[in-house]
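A.B. asks: Read off the chains here:
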Amino acid sequence: MATLLKTVPDSRNKWVIEDRSKGVFKVAREAFVSEEIFARERERIFAKCWLYLGHATELKEASDYLTRNVAGHELIFNRDRKGNYNAFFNVCPHRGAMIAKDKCGSALGFKCFYHGWAFNNNGKFATRMGDGFYPEDFGKDGSVDLVRVAKLDEYRGFYFVNFDADAVGLDEYLADSKDIFDLVADQSPNGMEVVGGGQEYSVNANWKLLLENSFDGYHAEETHATYFEYLADYIGDEANDDLASAKVQSRAYDLKNGHAVIEGSAPWGRPIARTIPSWGEEGAADIRAMRVELEQRLGAEKAHRIADGDRNMGVFPNLVINDIMAITIRTFYPVSAGLIHVNAWAFAPINEPKKHRKRRLDNFLEFLGPGGFATPDDVEALESAHRGYGNAQYAPWNDISRGLLKEKPTNFDEEQMRCFWREWARRMEDQA
Amino acid sequence: MSDTLKKSSEVRGVEPKLSRDQYEDFLYNEAALLDEWMLDDWFDLFIEGATYEVPSAGAPNDADSSESLFYIADDYFRLRHRVIRLKSKQAHSEWPRSKTVHTVNNVRILETNSEGVTVTSTFITYRSKNQVTHTFVGRHYHVLRDVDGEIKIVSKRSMLDMENLRPQGRISIIV
Chain D
504 MATLLKTVPD SRNKWVIEDR SKGVFKVARE AFVSEEIFAR ERERIFAKCW
554 LYLGHATELK EASDYLTRNV AGHELIFNRD RKGNYNAFFN VCPHRGAMIA
604 KDKCGSALGF KCFYHGWAFN NNGKFATRMG DGFYPEDFGK DGSVDLVRVA
654 KLDEYRGFYF VNFDADAVGL DEYLADSKDI FDLVADQSPN GMEVVGGGQE
704 YSVNANWKLL LENSFDGYHA EETHATYFEY LADYIGDEAN DDLASAKVQS
754 RAYDLKNGHA VIEGSAPWGR PIARTIPSWG EEGAADIRAM RVELEQRLGA
804 EKAHRIADGD RNMGVFPNLV INDIMAITIR TFYPVSAGLI HVNAWAFAPI
854 NEPKKHRKRR LDNFLEFLGP GGFATPDDVE ALESAHRGYG NAQYAPWNDI
904 SRGLLKEKPT NFDEEQMRCF WREWARRMED QA
Chain P
844 MSDTLKKSSE VRGVEPKLSR DQYEDFLYNE AALLDEWMLD DWFDLFIEGA
894 TYEVPSAGAP NDADSSESLF YIADDYFRLR HRVIRLKSKQ AHSEWPRSKT
944 VHTVNNVRIL ETNSEGVTVT STFITYRSKN QVTHTFVGRH YHVLRDVDGE
994 IKIVSKRSML DMENLRPQGR ISIIV
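Those protein sequences? They're chains D and P, same order as listed. Using this note's numbering, read the first sequence as starting at 504 and increasing by one per residue. Using this note's numbering, read the second sequence as starting at 844 and increasing by one per residue.
In short, the hints are calculated from the structure, not lab data. Mixed in with the good hints there might be a few duds.
Restraint ranges, calculated between C-beta atoms of paired labels, are given here [to be verified]:
(1) Ser-931/P / Gln-896/D: 30 to 40 Å
(2) Lys-932/P / Asp-522/D: 32 to 42 Å
(3) Arg-523/D / Met-881/P: 46 to 56 Å
(4) Arg-925/D / Pro-1010/P: 31 to 41 Å
(5) Ser-931/P / Asp-740/D: 14 to 24 Å
(6) Lys-805/D / Asn-872/P: 48 to 58 Å
(7) Phe-636/D / Pro-1010/P: 20 to 30 Å
Not the full set, but computed from the structure, chain P residues with beta-carbon under 10 Å of chain D [as the list claims (entries may be wrong)]:
(8) Pro-898
(9) Gly-901
(10) Arg-928
(11) Leu-929
(12) Ser-931
(13) Ser-936
(14) Pro-1010
(15) Gly-1012
No residue lacks a Cβ here, since even glycine has one placed at the ideal position from N, Cα and C.
Looking at chain D on its own, in the form it has when it is part of the complex (with noise of 0.2 Å):
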């Protein structure tokens, strides 16, 4: 073993490690930087696999729509006339220019710029041609209609395409994601929303670094102290106890499928059922009630796992949904293997007041998105990693170990980014 992880992957397209008997997890730096691996990326697992689009509530009345581009695909979301959402390649059945050009909006219809071709929007060609250009049934057997993705489902209003038509239903594909999904869905009486103002960034560095950083506790500590010096300052110097507390109590969960969670509770204030010093008692007050409301609507089991615990979830391959001191939805696409296009939102419940919400999204902002006081370090780190991997030929393993032979692995472990590396190498390595 020794000897082989001193060499590069060998040519059998095997990239992924793991040897318990030596308590070894190893993934092969090649594939963060290969463009090949990436090509075999896009075909094994983006033209593959569920990948997250939106969320129902940006698409608030019947014939809203926004475009978005998912994994290198222009496309339109919408909601027809009947309300029914929908999901269609940006792209005119005609000549192919983009019909719809602006970011969202309210569209009973959409009429390509270029020649004028026209679309209901429920994507049913309704343009009049003018006599004798046409044969007279045109378009009559919809072949010139608005394609849809393969497949559009969603699960407790998060929407996710497929663009493979024989793909297994979102439902499975899901697995125990779905659980955690509940967990943050079911934090008001009112539903969730996602809140206005999202933000998009950039990261030169390969997409699975992204993942791996999404709910990588280990790291918090020594990257992020510049944000633990100031939460100490925030709330009093009981956050860094509670920081040691939560490396012994956290959890880090499979939920199959390449889906992974770590789970634990951590020093900051959550807008749900937390309080912090620094809120005052007005903020405990609004706390405790919330709390009551938890309580009397799920019981108080499932009340104290919401309230109390702060979770990081990756969904296979690219959605994050990080339930810490506010709520993050987090989805990136490869642009090449070097550069990620990252989306991320705040999602909140529906008619929050305001004063929850200024905590909520000052919560957000203090730790969270590129003017934070953590993620521009995490982009540094992933951006400074794929530098260094242009060493692989040389210096080719990533050492991915951490608390492999424990049967309870922690925040602190790297349990969770197993469970997406084996997802990985089943879907990209050929099998023996």
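Dock chain P against the given chain D, drawing on the hints supplied.
C.D. replies: Only chain P this time, still in chain D's reference frame:
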């Protein structure tokens, strides 16, 4: 009335005590402090209780940080910590420090009220790090107040006239 429709000579409210070039000098000095990473001096430009905001790229002018997601919405406490953090070698995104050039242009006095004088400017900020130079463009809205003969910042909002943070990726400097 929108900013763009207003003639440059028109100022809403009472006529400010200071002239435009005095505010320009202030903004040029602020830019120089940021380029030199003299962040304590920069922080001293703010009055106690001041705010510093950067809404998401493309946000409307009236965007409110209690309703929509910004990049930065600092109260005075968090702004002080932003400065403490940026001075630390453990602010990994900015250590080693990026090189920056902050330019300020098109300075106009928009209005005066009890808060202070609203001065708007356009900016181009260049950040060089890791072999690449990124550009941030947009408008600053400073609310400035004369405190014992010194200009102080009551609030600063930087609106990014960009579609998103691609390719910039982050906003770990003060734009």
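A.B. asks: Each hint needs a verdict: does it hold in this structure or not?
C.D. replies: Results for each hint:
At roughly 35 Å, the beta-carbon separation of Ser-931/P and Gln-896/D lies within the given 30 to 40 Å, and the hint holds. Between Lys-932/P and Asp-522/D the Cβ separation comes to about 38 Å, which falls inside the hinted range of 32 to 42 Å. Between Arg-523/D and Met-881/P the CB atoms are about 55 Å apart, so this pair conforms to the stated range of 46 to 56 Å. With their beta carbons about 33 Å apart, Arg-925/D and Pro-1010/P fall inside the hinted range of 31 to 41 Å.
Separation of Ser-931/P from Asp-740/D is about 19 Å and conforms to the stated range, judged on CB atoms against 14 to 24 Å. Between Lys-805/D and Asn-872/P, the C-beta spacing of about 56 Å keeps the proposed range 48 to 58 Å intact. At about 44 Å, the beta-carbon gap between Phe-636/D and Pro-1010/P misses the expected band of 20 to 30 Å. At a threshold of 10 Å, the smallest CB-CB gap from Pro-898/P to chain D is about 7 Å, leaving the interface hint in force.
Annotation: Gly-901/P was flagged as interfacial toward chain D, and the flag holds, the nearest CB pair being 8 Å apart, inside 10 Å. Annotation: interface hint on Arg-928/P holds; nearest CB of chain D at approximately 4 Å, less than 10 Å. Of the supplied interface hints, the one on Leu-929/P holds, with its beta-carbon coming within about 9 Å of a beta-carbon of chain D, less than 10 Å. Using the Cβ-Cβ criterion of 10 Å, the hint placing Ser-931/P at the interface with chain D is satisfied: the shortest such distance is roughly 5 Å.
Given the 10 Å rule on beta carbons, the hint for Ser-936/P holds: about 4 Å separates it from the nearest Cβ of chain D. The interface hint given for Pro-1010/P holds, since its Cβ lies 5 Å from the closest Cβ of chain D, which is under the 10 Å cut-off. Interface restraint check for Gly-1012/P: the shortest CB-CB distance to chain D comes to about 5 Å, inside 10 Å, so the restraint holds.
Checked against the numbered hints listed earlier, the structure breaks hint 7 alone; every other hint is satisfied.
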